[in-house]
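Number of protein chains: 2
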Amino acid sequence: MPIYEAPLRDMQFILHDVLDIKNTGLPGHDELDRDFTEAVLDAAGKLATEMLLPLNVVGDRQGCVLENGIVRTPDGFKGAFDALREGGWTARDCDPEFGGQGMPYLMGLATGEIFVSANMAFNMYQGLTHGAYSAIHTHGTDAQKQTWLPKMVSCEWTGTMNLTEPHCGTDLGMLRTKAEPQEDGSYRITGQKIFISAGDHDMAENVIHLVLAKAPGGGEGTKGISLFIVPKFLVNEDGSLGERNGVSVGSLEDKMGIHGNATCVMNFDGAQGWLLGDLHKGMRAMFTMMNEARLGVGLQGYAVAEAAYQNAVAYAKDRLQGRAVTGAENPDGPADPLIVHPDIRRNLMDQKSFLEGARMLAFWGAHQIDRAHAGEAEADGMISLLTPIIKGFLTDKGFETTVNAQQVFGGHGYIEEWGMSQFVRDARITMIYEGANGIQALDLVGRKLAADGGKYVMAFFDEIKSFIKTHEGDETLKQDFLEPLKAASKDLQAAAMYFMQHGMKNPNNALAGSYDFMHLFGHTVLGFMWARMAVAAQAALQGGSGDADFLNTKLATGRYYMQRQLPMTATHLARIESGADPVMALDAAQF
Amino acid sequence: MPIYEAPLRDMQFILHDVLDIKNTGLPGHDELDRDFTEAVLDAAGKLATEMLLPLNVVGDRQGCVLENGIVRTPDGFKGAFDALREGGWTARDCDPEFGGQGMPYLMGLATGEIFVSANMAFNMYQGLTHGAYSAIHTHGTDAQKQTWLPKMVSCEWTGTMNLTEPHCGTDLGMLRTKAEPQEDGSYRITGQKIFISAGDHDMAENVIHLVLAKAPGGGEGTKGISLFIVPKFLVNEDGSLGERNGVSVGSLEDKMGIHGNATCVMNFDGAQGWLLGDLHKGMRAMFTMMNEARLGVGLQGYAVAEAAYQNAVAYAKDRLQGRAVTGAENPDGPADPLIVHPDIRRNLMDQKSFLEGARMLAFWGAHQIDRAHAGEAEADGMISLLTPIIKGFLTDKGFETTVNAQQVFGGHGYIEEWGMSQFVRDARITMIYEGANGIQALDLVGRKLAADGGKYVMAFFDEIKSFIKTHEGDETLKQDFLEPLKAASKDLQAAAMYFMQHGMKNPNNALAGSYDFMHLFGHTVLGFMWARMAVAAQAALQGGSGDADFLNTKLATGRYYMQRQLPMTATHLARIESGADPVMALDAAQF
Chain A
1 MPIYEAPLRD
11 MQFILHDVLD
21 IKNTGLPGHD
31 ELDRDFTEAV
41 LDAAGKLATE
51 MLLPLNVVGD
61 RQGCVLENGI
71 VRTPDGFKGA
81 FDALREGGWT
91 ARDCDPEFGG
101 QGMPYLMGLA
111 TGEIFVSANM
121 AFNMYQGLTH
131 GAYSAIHTHG
141 TDAQKQTWLP
151 KMVSCEWTGT
161 MNLTEPHCGT
171 DLGMLRTKAE
181 PQEDGSYRIT
191 GQKIFISAGD
201 HDMAENVIHL
211 VLAKAPGGGE
221 GTKGISLFIV
231 PKFLVNEDGS
241 LGERNGVSVG
251 SLEDKMGIHG
261 NATCVMNFDG
271 AQGWLLGDLH
281 KGMRAMFTMM
291 NEARLGVGLQ
301 GYAVAEAAYQ
311 NAVAYAKDRL
321 QGRAVTGAEN
331 PDGPADPLIV
341 HPDIRRNLMD
351 QKSFLEGARM
361 LAFWGAHQID
371 RAHAGEAEAD
381 GMISLLTPII
391 KGFLTDKGFE
401 TTVNAQQVFG
411 GHGYIEEWGM
421 SQFVRDARIT
431 MIYEGANGIQ
441 ALDLVGRKLA
451 ADGGKYVMAF
461 FDEIKSFIKT
471 HEGDETLKQD
481 FLEPLKAASK
491 DLQAAAMYFM
501 QHGMKNPNNA
511 LAGSYDFMHL
521 FGHTVLGFMW
531 ARMAVAAQAA
541 LQGGSGDADF
551 LNTKLATGRY
561 YMQRQLPMTA
571 THLARIESGA
581 DPVMALDAAQ
591 F
Chain B
1 MPIYEAPLRD
11 MQFILHDVLD
21 IKNTGLPGHD
31 ELDRDFTEAV
41 LDAAGKLATE
51 MLLPLNVVGD
61 RQGCVLENGI
71 VRTPDGFKGA
81 FDALREGGWT
91 ARDCDPEFGG
101 QGMPYLMGLA
111 TGEIFVSANM
121 AFNMYQGLTH
131 GAYSAIHTHG
141 TDAQKQTWLP
151 KMVSCEWTGT
161 MNLTEPHCGT
171 DLGMLRTKAE
181 PQEDGSYRIT
191 GQKIFISAGD
201 HDMAENVIHL
211 VLAKAPGGGE
221 GTKGISLFIV
231 PKFLVNEDGS
241 LGERNGVSVG
251 SLEDKMGIHG
261 NATCVMNFDG
271 AQGWLLGDLH
281 KGMRAMFTMM
291 NEARLGVGLQ
301 GYAVAEAAYQ
311 NAVAYAKDRL
321 QGRAVTGAEN
331 PDGPADPLIV
341 HPDIRRNLMD
351 QKSFLEGARM
361 LAFWGAHQID
371 RAHAGEAEAD
381 GMISLLTPII
391 KGFLTDKGFE
401 TTVNAQQVFG
411 GHGYIEEWGM
421 SQFVRDARIT
431 MIYEGANGIQ
441 ALDLVGRKLA
451 ADGGKYVMAF
461 FDEIKSFIKT
471 HEGDETLKQD
481 FLEPLKAASK
491 DLQAAAMYFM
501 QHGMKNPNNA
511 LAGSYDFMHL
521 FGHTVLGFMW
531 ARMAVAAQAA
541 LQGGSGDADF
551 LNTKLATGRY
561 YMQRQLPMTA
571 THLARIESGA
581 DPVMALDAAQ
591 F
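Those protein sequences? They're chains A and B, same order as listed. In terms of the UniProt record's numbering, the first sequence has 397 at position 397, counting the first letter as 1, and numbering is strictly consecutive. In terms of the UniProt record's numbering, the second sequence has 323 at position 323, counting the first letter as 1, and numbering is strictly consecutive.
No lab work stands behind these hints, which were simulated from the structure alone. Just to be clear, a hint being listed does not mean it is correct.
[Said to hold, decoys possible] Computed footprint of chain A on chain B, listed as stretches where at least three residues anywhere in the stretch have a Cβ under 8 Å from a Cβ of chain A:
{"no.": "1", "region": "32-40"}
{"no.": "2", "region": "146-160"}
{"no.": "3", "region": "414-421"}
{"no.": "4", "region": "500-509"}
{"no.": "5", "region": "552-564"}
{"no.": "6", "region": "582-588"}
All values derive from a computational prediction rather than experimental measurement. C-beta atoms are modelled at their ideal positions from N, C-alpha and C, and glycine is treated no differently.
Let's have the full structure, built from the sequences with the hints guiding it.
Here it is, written out as structure tokens:
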């Protein structure tokens, strides 16, 4: 069975040595000292390793089953969900007014990484609930918050998001689900939604669906869309559960992976629902949920890869095959372990250097959200810019990393028994859902780049520039970290400049390069994250604090990323600068 | 259900416009005129689309089942195998002396691509038989050939290759299967083999296992290994089947994909076997089989991707979502088809430009084999150099292409119903078996590059140089094809030079860059293939022969590869030139 240990030391390093979260001045952050975060992460790690991890394979093998309209989750899921609930884990970064523990979003994300690594499909039940919680928390009336949030914070009731219909996913303007206003102020919702993760199951008393639908008078396209709260069971005045609402599971999808999560076709047959937020402004409310979900999916992208990586390392140390070309390293054994071979190292270093950079980026992004929640508009702009990169780049590279980890196992990686196939099959969805990665690239180039007159991308470049300036006196950092970062940043600026100059003439010149731009940006921001970690590691080394072996490993891993991954930016730039012509040269019929 | 049509026009273009196979002067090739190859490919295409394709999903869903020691293949496989046999398809490029049709290897490969695209798991039963046929044909005694080959040519008996054991795959020196000599000249084989594709099944009367085992007196490591013919049923003097041999299926592996193929644990319990080739020279004999298998796997890598691509194109034309940014292209519909969007184009062009380049490389490689069979030593050296690239690069990129094709489908790509998940799960094995791709990179850099004093890699560079010289007068070709090819070739030479200069000092400097070198070489050779296709397309256009639309599409697709894929060579070179230090910086304990 696969192994997994929460990477506590790395998380602590980011939280305290790099981000110094205790001293940010943000509300509640002064309580986040090393001991506190260590205790929280350690407890999450124990729960993950001991309870969630063993259920990961069970979930994959058994999947969810629809029997007489009821979805049954795999053996053991219900008990684990109770444990999660009872330990207060579902409430960790929720509002204390509704029973939450009030931790920063950053701590919610850090513990979330641990749960996802151990069991992605299982964690989605609470992850989606959190997204629905946020949407109601932001857009709901006081009465709605009182009705729905306490039970969602505790996950006694779980949540879903209902966007996609059979004929439309990305293009929500085409959706057909209708909402008819009733005299009592509620609506009757009718239509079919597909790909609804955690759409129904047997682990909670109620399921609260947030549903996009068209109410009369909103006009064509996305303008006419509103968001509705549609519970599986209606709720009485006293908060007890009432009768069953007109919403049912049509079928379960047979998927490539995440079998432990119930992906449902949901049928709404005049189901009673209540408007959430403003009429015909549903897209805006849905984006609250979707942006959070996109960060959560970026997190999944590298969290599953982290689990796969840990197993690849263990296998590479254990499996004896061949001899080191520079002389036997295990002379008393029949062969040397795989890890002596340079190409296995190359593979493992690719994985390790990506994963630690990705974690830093995700944590930094979460920290921006905490800043934004505290009212810092610049942080809000920054996370808005970074969201498509975190989602698109971390899931593309996360999947690649997972495939690379599987590769270390040779033929054994292809056999379900070893669990590596499941990691790959599970990770694959992260590139697709919550906006396929091509849509993320479009969002980045078509919307985020130019938002507020390009203010946030300029702020990003300025931050890198001032960072380089601050540290360029340090000769070691300069060559290994700052110079490659400067080169990558220059490529990124050149790409943005290309879009400005040629995108005006023909928008396809920008859109044809959007995917490469997302990756170019991703590598640059990961290079920046690595440079920041290098500064922190060097400072800790010089200060004599921390584990010198860990800190030196961190520096060596960072140098690897700078030397072996950042050269990709030049290729991405070359592709971008080839413009729309090669991409758009053919007629549709010529494919 | 997925669609598939054999790409006849593209195949015909390569066979006749580029390779001009009718006029190569090779024995039997003068019969290969356009009408003949068209008829063969067309018939193969019909069989593939009508019979093999529908069984692809069936094979994935049902898989193979082991009942009371007998392997049952999925519904319909037996009938299709009979059809293959009866149509003479299993005999197509086999020796007429043993019932073969004597077609060139190239035609075997071209038709093979079609069968693999339609149903990879099914095609493996005959593919492995062909490999075993080749090993016996090359290394067997006359009596052995008479006994085994006719029935293997017809696939009344199928073949396998038995290398891997639980504790060793790549490192065959450690294998434990024993061969004890008997008084009658045969051997008794005892041991366990794993991952045996087509190890047993219900579609043939007999299964002929080629088994690596250690006979006494051979010494340690791979030197002591011999190859044995071990049939499932013994064969009587008169050729009829005798009693069951001591070989049985221990279990079937539960795999990520290729469920339609029976991957067996094979137990040999004193099974009777006969030495094939020289005693203790089994590795050499096995390499005959393995080299052919590696080309076959490279073929699988792009053939599955071809099927996935065709489905992605169909979906992109059919699925309506969003509007072209330059103005509606389907104004009467609710939205434009996906294919109007630049990022979908980018994805499809990546796929198309890889696939056509890969096909050209595979066909060119097969043509080298036909030359080698006719006694041309240089062709033998060239295919030996190219084999790890065909296997490693085409399967890595083939898998990537298949994943990209799945991505076009959005959420529908993740649902088993659409068949894209199966293509991805099937394609994944090609990067692993017949030597994981890291081993291919090692073979390329550690063995093939320096073989015969680097003669063949020099020949490769010379061929590119003289090609460029021949065509540099053509201004259009020069800028779009020859300049990028020259740049890629220069990067490749610089990488080879780096290995020579720094690999002496520390072999890890070469091995740490081996994987990047394989890809750098792959891109360069595909760039060369594209340049050759461009010359042929231009000539046909100027000559007024051929379909102008097809030829112009070919040129545009080639320009895309040169502009958007070849820039990768610079990144690979930069990684290679960073040497062993970043790759080997950590101790094993630091991972």
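Hint-by-hint comparison with the structure:
1. Counting residues of the region 32-40 of chain B whose CB lies closer than 8 Å to any CB of chain A gives 0, which falls below the minimum of 3, so the coverage claim is violated.
2. Beta-carbon proximity to chain A at under 8 Å applies to 0 residues in the region 146-160 of chain B; the threshold of 3 is not reached and the given coverage is violated.
3. Against chain A, the region 414-421 of chain B contributes 5 residues with a C-beta closer than 8 Å to a partner C-beta. That satisfies the three-residue criterion, and the hint holds.
4. With a threshold of 8 Å between beta carbons, the proposed coverage of the region 500-509 of chain B by chain A holds, since 3 of its residues qualify and at least three are required.
5. Chain A is given as covering the region 552-564 of chain B, and this holds because 7 residues of the stretch bring a CB closer than 8 Å to a CB of that chain, at least three being needed.
6. Note: the region 582-588 of chain B has 6 residues with beta-carbon separation from chain A under 8 Å; the three-residue rule is met and the coverage holds.
When the structure is compared with the earlier hints, violations turn up for hints 1 and 2 and for no others.
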